[in-house]
Amino acid sequence: MGGSPWYNFFRFRNLTRSSLVGLAFLTLFGIRLSKGSIFLDTYAFLSRPFWPGSAQSEWIIKGVQFEQEARLKLLEEDNLRLRKLLSIQESSGKDYIAAAVISRKESGWWQQILLNKGAFEGIGPGNLVTGPGGLVGIVQSVTPTTSLVRLTTAPGSRIGVWISRTKTHAILLGIGTNRPLLRFLDKNPDVKSGDFVSTSPASTLTPPNIPVGVIQSINTESLNAATGLLQLTAAPQAIDWVQVKTK
Amino acid sequence: MFFILSGLLIPVIELCEPQFLKLIGIGPCWIVLWLLPWSLEAGTLNAIVAAIFYGLILDSIHIGNVTQIPALIALAFFWGSLGRRSSPIQRSFTLGFLAWLGTCFFGLTLWIQIFLKNGYLTENLFNEWAVGVLLTQSIITGFLAPMICALLISILRGRHIL
Chain X
1 MGGSPWYNFF RFRNLTRSSL VGLAFLTLFG IRLSKGSIFL DTYAFLSRPF WPGSAQSEWI
61 IKGVQFEQEA RLKLLEEDNL RLRKLLSIQE SSGKDYIAAA VISRKESGWW QQILLNKGAF
121 EGIGPGNLVT GPGGLVGIVQ SVTPTTSLVR LTTAPGSRIG VWISRTKTHA ILLGIGTNRP
181 LLRFLDKNPD VKSGDFVSTS PASTLTPPNI PVGVIQSINT ESLNAATGLL QLTAAPQAID
241 WVQVKTK
Chain L
1 MFFILSGLLI PVIELCEPQF LKLIGIGPCW IVLWLLPWSL EAGTLNAIVA AIFYGLILDS
61 IHIGNVTQIP ALIALAFFWG SLGRRSSPIQ RSFTLGFLAW LGTCFFGLTL WIQIFLKNGY
121 LTENLFNEWA VGVLLTQSII TGFLAPMICA LLISILRGRH IL
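In the order they appear, the protein sequences are chains X and L.
Residue numbering for the first sequence follows the working numbering, starting at 1 and increasing by one per position.
Residue numbering for the second sequence follows the working numbering, starting at 1 and increasing by one per position.
Read the hints as simulated data drawn from the structure, not as lab findings.
Keep in mind that the hints are not guaranteed to be accurate.
The calculated BS3-like cross-link candidates involving lysine-lysine, where the alpha carbons are at most 30 angstroms apart (straight line), are [what the hints assert, rightly or not]:
hint : chain 1 : residue 1 : chain 2 : residue 2
1    : X       : K247      : L       : K117
2    : L       : K117      : X       : K35
3    : X       : K62       : L       : K22
4    : X       : K35       : X       : K247
5    : L       : K22       : X       : K35
6    : L       : K117      : L       : K22
7    : X       : K245      : X       : K167
8    : X       : K73       : X       : K247
9    : X       : K187      : L       : K117
10   : X       : K245      : X       : K73
11   : X       : K62       : X       : K35
12   : X       : K62       : X       : K187
13   : X       : K35       : X       : K245
14   : X       : K245      : L       : K117
15   : X       : K35       : X       : K167
16   : X       : K187      : X       : K35
17   : X       : K167      : X       : K62
18   : X       : K62       : X       : K73
Input sequences plus hints: build the corresponding full structure.
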């Protein structure tokens, strides 16, 4: 019994050693409670020389053009609708903060990206993150110099979207694959493959009409409501720079 | 001390995710590659303490509310017991098999948590993504284990093989 490691561990013959272990545990719990603030900030500082440059490949530029054209069309429609309601919602480029992606996990159990800007820049949990092509994800947690973003493809991601052509609303659910699931509110929604999907104006969590993707397929044989698969217009695995929409 | 400090590199490697070691976009389970030699050599108690330490750190740098700690504790207990009972484990196949088995178990616990916490996913229990991640990660971890774990075991035993 006396030689058992458990016995040796719990008999506290050496107060200094047990105090150090306790202190280490307290420190680690502190790290856990602060969502790894020390680690993430240190990582951001150390990886600074390796942050991606501003140059993007050609297809990303095409994605930006596509996004801008789609956004322009949606904004015009939205502007017209809002003018009719005499309650114009102002938005400006000042609300966006450009940030570099310094760590990415896009295929495994965790689908997240880490940005090099955080609370010091005014970013907070719930902020929308867009990249070339459209919506990338939503900020999950922030440290002073970094932001952890949950990608739209991640399981647990839920975003309100709509198809502006028919004003059909749906919920975008991350299922882990590159193509998230669209769950419509109706059994037979008036949508078809190829319809453009953007964030819903009815959502209180996200700004309206941010491009999300294009419907790839629709399944109307689901039990409660129709579902569909969405092809995202922004590819998180290749994006080096994103924009964070602060509230 | 060197070995403990090497463990602190695990969160950094998790964040860096070296692209050249990825298989269809999925990297190995680095904590398994570190915990396996540590458990085999340092015993159950030290392995469990290390599992809690690094589990807390890794949980803090990942999104969502799934935890890796229970799986790591179970693996530390299993591998720690194995290291004490049997003759020294150092054969490549054995290390690879243990790492493969451990990664499967580790992934399974994450899969169950993710599916239970996201009710809509249970409609399609054998989601192609989850199966793909589980198999890919376990395979690449199993292949890397003979190299990385054998190197770490040698360092732990004080051999200078480099």
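Hint check:
no.: 1; hint: X:K247 with L:K117; in the structure: holds, 28 angstroms
no.: 2; hint: L:K117 with X:K35; in the structure: holds, 20 angstroms
no.: 3; hint: X:K62 with L:K22; in the structure: holds, 28 angstroms
no.: 4; hint: X:K35 with X:K247; in the structure: holds, 22 angstroms
no.: 5; hint: L:K22 with X:K35; in the structure: holds, 26 angstroms
no.: 6; hint: L:K117 with L:K22; in the structure: holds, 27 angstroms
no.: 7; hint: X:K245 with X:K167; in the structure: holds, 24 angstroms
no.: 8; hint: X:K73 with X:K247; in the structure: holds, 23 angstroms
no.: 9; hint: X:K187 with L:K117; in the structure: holds, 25 angstroms
no.: 10; hint: X:K245 with X:K73; in the structure: holds, 20 angstroms
no.: 11; hint: X:K62 with X:K35; in the structure: violated, 36 angstroms
no.: 12; hint: X:K62 with X:K187; in the structure: violated, 35 angstroms
no.: 13; hint: X:K35 with X:K245; in the structure: holds, 22 angstroms
no.: 14; hint: X:K245 with L:K117; in the structure: holds, 28 angstroms
no.: 15; hint: X:K35 with X:K167; in the structure: violated, 39 angstroms
no.: 16; hint: X:K187 with X:K35; in the structure: violated, 41 angstroms
no.: 17; hint: X:K167 with X:K62; in the structure: holds, 27 angstroms
no.: 18; hint: X:K62 with X:K73; in the structure: holds, 17 angstroms
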